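Same order as they appear, the protein sequences are chains A and B. So the first sequence is numbered by our numbering: it starts at 254 and just counts up by one. So the second sequence is numbered by our numbering: it starts at 241 and just counts up by one.
Note that these hints are calculated values from the structure, not bench results. Among the clues, some could well be false.
[As the list claims (entries may be wrong)] Distance windows between CB atoms, simulated:
1) Thr304(A) to Ala730(B): 25 to 33 angstroms
2) Phe583(B) to Thr304(A): 53 to 61 angstroms
3) Leu360(B) to Ile307(A): 50 to 58 angstroms
4) Ile537(B) to Ala370(A): 54 to 62 angstroms
5) Arg319(A) to Ser693(B): 53 to 61 angstroms
6) Gly703(B) to Gly390(A): 51 to 59 angstroms
7) Glu382(A) to Arg255(B): 50 to 58 angstroms
Since we're looking at a predicted model, the values are computed, not measured. For each residue, glycine too, the CB sits at the ideal point set by N, CA and C.
Residue strings, one per chain:
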Amino acid sequence: MSSVSCEFGGIRAVDEVSFGVEPGSITGVIGPNGAGKTVLLNLINGIYRPTRGIIQIDGQATNRLRSDQIARLGVARTFQSTEQFKEFKAIDYVMLGGFLQQCRSVFACIFGLAKVAKREKSEARRAFEALDRFGLGAIVNARLSELPYGMQKQVDLARAIAAEPRLLLLDEPTSGTTSIERAAIANVLGDIGSSDRTLLVVDHDVRFLAGQCEHLVAMSNGRKIAEGVVADVLADRGVREAYLGISEAAEIAENEEMA
Amino acid sequence: MQLRSFFVAYLKSDRRIAVSGWLLLVLVAVLLLINGSSFWIYVAGLTVIYAISALGLDWIQGRAGQVSIGSAAFMAIGAFVGGVAYAKGVPSIPALLLAGVAGAIVGLVVGIPALRLRGLYLALATLALQFISVAVGSWYESASGQIAGVAVGMVTVGPWTLDAITPSFFIALMVLLLLVTFALSRIYRRAPGRAWLVIKESEISAGVIGINPTRWKLSAFIASSALIAVSGGLLGFYTMRVQSESFSLDFAITFVAMVIVGGLGSIGGIIAGATIITVIPYIFSTVTSKLPPGLPISQWLSTNIPYINSGLYGILLLAFLLYQPRGVAGVGIAVRQRLLKLFDGATAVKVIQAGPADNAAISPVSNQEPESRPVPVTTAGAAQEAEGGEAALLEVRDLHVYRSGACAVDGVDLTVHPGEVVAILGRNGAGKTSTLRGISGFLLTERSRVTGSVRFAGRDIRGLPPMATARLGLILVPEREKIFPNLSVAEHFRVITAEKSDVDEVFAIFPQLERRAASKAGLLSGGERQMLALAVAFCMHPKVLLVDELSLGLAPAAIARLTAALKEYQKRTGVAILLVEQNVSAAMELADRLYILEAGRVERAGRTSELSEATLMTSALGG
Chain A
254 MSSVSCEFGG IRAVDEVSFG VEPGSITGVI GPNGAGKTVL LNLINGIYRP TRGIIQIDGQ
314 ATNRLRSDQI ARLGVARTFQ STEQFKEFKA IDYVMLGGFL QQCRSVFACI FGLAKVAKRE
374 KSEARRAFEA LDRFGLGAIV NARLSELPYG MQKQVDLARA IAAEPRLLLL DEPTSGTTSI
434 ERAAIANVLG DIGSSDRTLL VVDHDVRFLA GQCEHLVAMS NGRKIAEGVV ADVLADRGVR
494 EAYLGISEAA EIAENEEMA
Chain B
241 MQLRSFFVAY LKSDRRIAVS GWLLLVLVAV LLLINGSSFW IYVAGLTVIY AISALGLDWI
301 QGRAGQVSIG SAAFMAIGAF VGGVAYAKGV PSIPALLLAG VAGAIVGLVV GIPALRLRGL
361 YLALATLALQ FISVAVGSWY ESASGQIAGV AVGMVTVGPW TLDAITPSFF IALMVLLLLV
421 TFALSRIYRR APGRAWLVIK ESEISAGVIG INPTRWKLSA FIASSALIAV SGGLLGFYTM
481 RVQSESFSLD FAITFVAMVI VGGLGSIGGI IAGATIITVI PYIFSTVTSK LPPGLPISQW
541 LSTNIPYINS GLYGILLLAF LLYQPRGVAG VGIAVRQRLL KLFDGATAVK VIQAGPADNA
601 AISPVSNQEP ESRPVPVTTA GAAQEAEGGE AALLEVRDLH VYRSGACAVD GVDLTVHPGE
661 VVAILGRNGA GKTSTLRGIS GFLLTERSRV TGSVRFAGRD IRGLPPMATA RLGLILVPER
721 EKIFPNLSVA EHFRVITAEK SDVDEVFAIF PQLERRAASK AGLLSGGERQ MLALAVAFCM
781 HPKVLLVDEL SLGLAPAAIA RLTAALKEYQ KRTGVAILLV EQNVSAAMEL ADRLYILEAG
841 RVERAGRTSE LSEATLMTSA LGG
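The task is simple: from the sequences and hints, build the whole structure.
Shown next as structure tokens:
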């Protein structure tokens, strides 16, 4: 993306941000609250349209595409909260991930019921496997509203992975999760990372990101303040001041150097 | 025992419940055919037609979440197209199909502009369609000289002629209803059903998942319109006459009443709702006509029966909206859950807890943990004894919270003394938020059950609604939905009629809020929202402040600022604070005492100074 801006009622939530995500890499985005990280994801997803600048996915400009068209290009994402899907059963929710493969057009989906039915079984199996990867095989029939917050996030991640996207956007995958859940999420991300998926991860847990990512982008007040290899970004003075307690950044940077 | 496990398996299987619903329907039909008078069979046939129409309405409203009041309009379209086609010599079955096609076309024409927009546009467009279709119908009646309506003949299916006077029409309608419900339940269970459900829940998220909301809404509306139009065509054949004036707005509202009383999004519920709304007036009229004629009341009743009947819809509708918004289907679900709990209590409760346990088993963290498990510092009981000298401000004993059948809090004891900061730690699903909500009364609004005792300043407050606990000085800052996104920061303080001096004071604590006083709270960042929520709570002069997840989703710098502000405020006012936290270091920074919850119980408790951070990390989060 290059020089992307987005304004709401005169407030510039994202201000002239440019960066690229290499195919097959994992890139992290950090920044304090209100830095515009989630807005950035919403721009890539087509939920918001940039007021200026160009976003390209695989060389194709997406500024004028609707979010479902962008999803068809192979972009999937997780949500910060799955509150809006509380009626769904976990298995049905994860099956939404395979929806695009199962239903190419509305008409075919409703009238090609025999075909859809055939795929239904294989999709259900795939969804179960995706949940099982997180050790959630026991809760496939629970409604999302009955699950604790951290588990809802894992179910959401399973759904996004089931879409087999080329670009996977993760919006705070670890917020509100425990260290155990974090380890499970990190495991699964490691797996997808080693296949040739491209990931863009927004999170607060710098340690988590440092362990997962090759690249970091740091944002503050809608602007990009640093970009590069993890250790360099964490060592950056501006980043430390804006986001981290200085000591924590130093500690992580040191660990990185030792490794 | 075997019988019991069979019964539990039956209750758990959606498919078995659905099959028994169908069997019940067939049984009722057979009983009616054997025992019922021709009058009641006629009423039953009418009920089936209305049920098909209501299922059509549920398609767009209950599944795709778009409000429509076009039932009568589409039934009128179907009835006129079917009736006129029949009068022009088209055989009955193709005439009914034509009715469906006409409904689909009108649905497409109305739906394309109305469904591009969100919200109530479809409701308004269908309301307009209501008046247009009645006007066109009555124009046709007068233009063709059929003032008393279009006369329609009988339906012929192969060698059979269906006559509403004989049971044959009713039998055919029953078969059709079974086919329709079978087809619908298949569609809803599969990919299309999921697509509509996502759109109903959130159109934005639907787009992100790759589902085009406009097209899917349109498809539901077209299908719904076609089905309703076919039911209108059937009504024409059944009553043998099509009259524009019978498709009134009142008639449209009847179907809204059916889907609400029955329960949006449930096929069984919709059929039940259609039955209740259709049959009750007939039962009522039958009963009143059987009253002895000498009574003065029977005279009054027989003249006023139409008014009573239409009033009855209103009362039923109101009663369900107020007490059971999910309709008859909601009652069914509640009964099913109650029965499941009765026969299968143990496993129902365990569903939630089974998850994290399995999770731990595969997690690398838990493997190295058991040997190094530290000895508990103090038990919950000892902690309370140590504090026993002073009267507790908030005292919770044996608190149990059940949320939709599952036990979230399983006997928690805790106390908060005046001027004390107490934190509840624990991993996700340990019952922290449920404990806090059980204390503040917020759970009452979420269909949950709370038992045990909650005493605040010597008074039992368990079961009091949030309004009452807030008035007593127990203020909750919730985890989510803590602000009003459409009000500005300044308006938040006006809503609670805060004193000017209090507002100045909180602005001094959070200068960032003063700078953003005029912006809408929905545009604030996560940290600023938390500041606003705390500031509003401060202005309400709490005796006990309950804060759910102070640090959730916030950057380290923002957490540091918030904890500092909260600490400073606490020191100055001496307010007692009960925090729920996942962030161990933030909790240790603030709290005098800690409780660690695990699977709905207090795992350990003690003074912060007695518990090392490492101990807490492993016992609270490493579990």
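Each hint, compared with the structure:
Look at Thr304(A) against Ala730(B): about 27 angstroms separates their beta carbons, and that is inside 25 to 33 angstroms. Here the CB-CB span from Phe583(B) to Thr304(A) is close to 60 angstroms, well matched to the stated 53 to 61 angstroms. The beta-carbon spacing between Leu360(B) and Ile307(A), approximately 36 angstroms, falls outside the hinted interval of 50 to 58 angstroms. Under the hint 54 to 62 angstroms, the C-beta atoms of Ile537(B) and Ala370(A), about 58 angstroms apart, fit the expected range.
Between Arg319(A) and Ser693(B) the C-beta distance comes to about 55 angstroms, which sits within the given range of 53 to 61 angstroms. Taking 51 to 59 angstroms as the suggested C-beta distance range, the pair Gly703(B) and Gly390(A) does not conform, at roughly 38 angstroms. Against the hinted window of 50 to 58 angstroms, the Cβ-Cβ separation of Glu382(A) and Arg255(B) comes to about 23 angstroms, which falls outside the hint.
Hints 3, 6, 7, counting from the list given before, are not met by this structure.
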